[in-house]
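Using the sequences and the hints, build the whole thing.
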Amino acid sequence: MNWMLNFVQRLGATGIETLGVFGRASLIWWRALWGMPDWRNGPTLLVRQLYFVGVYSLIIIVVSGLFIGMVLALQGYTVLVRFGADQALGQLVSLALIRELGPVVAALLFAGRAGSALTAEIGLMKTTEQLASMAMIGVDPLKRVLRPRLWAGMIAMPVLTQIFNMVAIWGAVAVGVDWLKVDAGSFWANMQSAVQFREDVLNGVIKSIVFGAVVTWIAVFQGYDATPTSEGISAATTRTVVYSSLAILGIDFLLTAVMFGVK
Amino acid sequence: MRMRTIEISVGAFMLAGLLALGFLAIQVSGLSIHDSNRDTYKLYAHFTNASGLAARAKISVAGVVIGRVTAITLDPKDTRAKVEMAIQKNVNFLTNDSIASIQTAGILGEKYISISVGGDPEVLKEGDEITDTQSALVLEDLIGKVLTSIGSKKD
Amino acid sequence: MAESDDNLIEVRNLRFQRGERWIFDGVDFNIARGKITAIMGPSGTGKTTLLRLIGGQLRAEAGSIHLDGNDIPRLNRNDLFAVRRKMGMLFQSGALFTDLTVYENVAFPLRVHTRLPEAMIRDVVLMKLHAVGLRGARDLMPSELSGGMARRAALARAIALDPQLIMYDEPFVGQDPISMGMLVQLIRLLNDALGLTSIIVSHDVHETASIADYIYVIADGKVIGQGTPEQVLNTDDARVRQFIRGLPDGPVPFHYPAIDYCKDLQLERE
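Chains as they are written, first to last, in this note's numbering: chain U, 1 to 263; chain L, 1 to 155; chain C, 1 to 270.
Note that these hints are calculated values from the structure, not bench results. As the structure is a prediction and not an experimental result, all values here were calculated from the model. For glycine and all other residues, C-beta sits at the position ideal for the given N, C-alpha and C. Careful, some of the hints might be misleading.
[Stated by the list, open to error] Just the calculated beta-carbon pair ranges, DEER-fashion: (1) L:Gln-103 / U:Lys-181: 20 to 30 Å; (2) C:Asp-28 / L:Ile-8: 51 to 61 Å; (3) L:Ala-105 / U:Gly-15: 47 to 57 Å; (4) U:Leu-254 / C:Gly-19: 29 to 39 Å; (5) U:Asn-41 / C:Asp-162: 19 to 29 Å; (6) L:Lys-77 / U:Ile-206: 39 to 49 Å.
What follows is the structure, given as C-alpha cells:
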C-alpha cells in the first residue's frame, strides 16, 4: 500500500516539476523575444549566429540529403519496378522528401549538431559567469545572447530544409535516371503533376519553420537552465537532443494530420 | 573570424536556400508563372460516374495537356457529377460534338479527362457544356462483367 | 561598525533565503567610502551571494541596501541600470566574453552605457589596459590569455566606466605567487589612485588582511566578527579564531558526527 502512495506522490511531484520547467522555458522565450529590437547590435549578432547555426550545419545536411535521396530512389525503384510502375519513382521520392523526410530529417540533424552546440555554448557561458557579468554591466543576457540565437534557428532551419530537399532530389535523379535508367521525361513529368506548390512545398516550409523554432527554443533553454558544472552541461546537451527529437516527431504527426489529413 | 567572411558566407547560405526553394517550386512542383486564370475559359461536363477523378486532374486532347479540372460537384437535378474544367484559351477549336471521357493513366490509376474532337462546325465557348461523356471505368464493375460473361459462357 | 560616517554602502537587516536555508538572517554591514573592506568566511556562507545582492542580481527577502541614496532591492529596472554604471565587478573566473578580443571586452561597458565616439573609446580602453599592464595584449582572445592575465583584463573591464565601487569575488583563488602579488598590489593601487571603494570577498586570510582596511567575518548567516585586520587577527571569539588561524578543529568540528569509535570497531563487549 505504501509503495503505491509513494509512486503516486512521486508522479505528482514530477508532474508539477515538469510544469515548472515548461513555465520557466516559456517565460524565458517570452522575455528574450519581447521588446524593441536592438537596431545597433542586433543585425550583426544575428548574422554571426546564422553563420554558426546555419552555415556550419551545411555539410552534414548536404551529405545526408544526398545519401537519403539516393537510397530512396534505389529502394523505391526495386519495389515499383515489380508493378511496372517505375515511372512513378519521381513522384514517390519527391513527395516523401518534401512532405516528410526533408523537414523531419533535416530538423533531427539540426538538433543533433546545432542544438547541442547551442546548449553547450550557453551552458558554458553560464558556468564561467559570463551571463552574470553581462547582467552586472547592465546588459540583459536574454536579449543579447538568447534572442539572436532564437531568430537564427527559425531562419536557418527552413533554408537548410530546402537545400536538403534539393540535394536529395538530385541524388535521386542521379540514381534513378542516370543509373537505373528510369525515363527522364516521365520521371520529371509525373513528379511535377504530383507535387503541388502550395500543398506540398509550402507546407513543408511551414513545418521546417515550426521545427526550427521548437528545436532552438529547447536548445537555448536547456543551456540557460543547466547546472553550472561539467556534468550539468553534459546532461543538458543530452536533454536537448532527446527532447528535440521527440518534439520534432510528435509535432510532425500533428502537423501532418492537420495539413495532409483525410478530408 | 573576420566579420566580412561571416557576412559573405551567410549571404551565400541564404541565397542557396532561396535557389533551392525556387528549384523545388519550378522543377519539382511544376509551378508555372503563366498559370493564371485569365488564360483559361470554363467548360462543363456531366458524368454518371466520376469516381477517382480529382481536382487539378489533367485534361488532354490526343495526349496533349490543354487544361485542368477545377471543381467536381454533385448536380442535384440529375444526380450526376458536374465537372468544371479550365481549358487554355488558345485551344478554341473544341467542337460542339466533342466527347469527354474519364480515362486511367498507367496501372496506378490516376484518372484524367480525354477529349476527342468531332466534326461539328460549331465550337465550344466560355460556359458551354460537353454533352457527350463517357464515365470512369470502375474496377469492380469490370470484374463483375468479366465474371458474369465467364459464367454465361459456361452455360 | 566602522567609525567613519562616510559610508558608501549601508546594509541593514538583510535577510535572504535560498530554498529552505536562510543564507542571511538579519545582517548589517557598512562599507566605508574610499576604503578596502573585506568580507571573509568559510566556503558556502554566501559571500558571493552578498555581492550579487549588492549588485541587484538577486533580490533580498527583507532589509535594505543603501548605495549613495539608492535602496538597491527597491529599484526598478531603469534605475538599476543607471546604478550599475557606478559599479564594477570582478568575477572569480574573470568572466571575459569568449567571443570578443580583450580590447572589445574592455570596450563593452563603454559601448553599453555611453555614446562616446570610437576614438575616445579607444583612448579609454588603452588607458585602462595600461593600468593593468595589458596594453600590448589588446588583440588577443580570452582563450589565449593565462589565468592571471585574464583576471587583469577583467579588472580593466571592471574599471572601464570609472565606477565608484568595485567588488572582487575571490580574486586570489588558484593564483601563482607572482600573479597573486601583482593582483594584491593592483587592488590597493587602484583603490587609492582612482578613489575607489573596494569590497573583497575571500577566504584567503593572509593576502586579504595585508591590504584590507576593515574586515567582516561571516558564518551561518550572521556576522561573527569585525574590525581592523589587527583586531580580527587577535580576536578572542573561538569561531573567528578557528577561521583566521586555520585550525582544523574547533567550533567547526573535525569529525563528521558518528557513533563512538570503540563501538564502531567493535572493541567493546556488548
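Outcome of the hint check:
| no. | hint | result |
| --- | --- | --- |
| 1 | L:Gln-103 / U:Lys-181: 20 to 30 Å | holds (27 Å) |
| 2 | C:Asp-28 / L:Ile-8: 51 to 61 Å | holds (59 Å) |
| 3 | L:Ala-105 / U:Gly-15: 47 to 57 Å | holds (55 Å) |
| 4 | U:Leu-254 / C:Gly-19: 29 to 39 Å | holds (38 Å) |
| 5 | U:Asn-41 / C:Asp-162: 19 to 29 Å | holds (23 Å) |
| 6 | L:Lys-77 / U:Ile-206: 39 to 49 Å | holds (41 Å) |
Checked against the numbered hints above, the structure breaks none of them.
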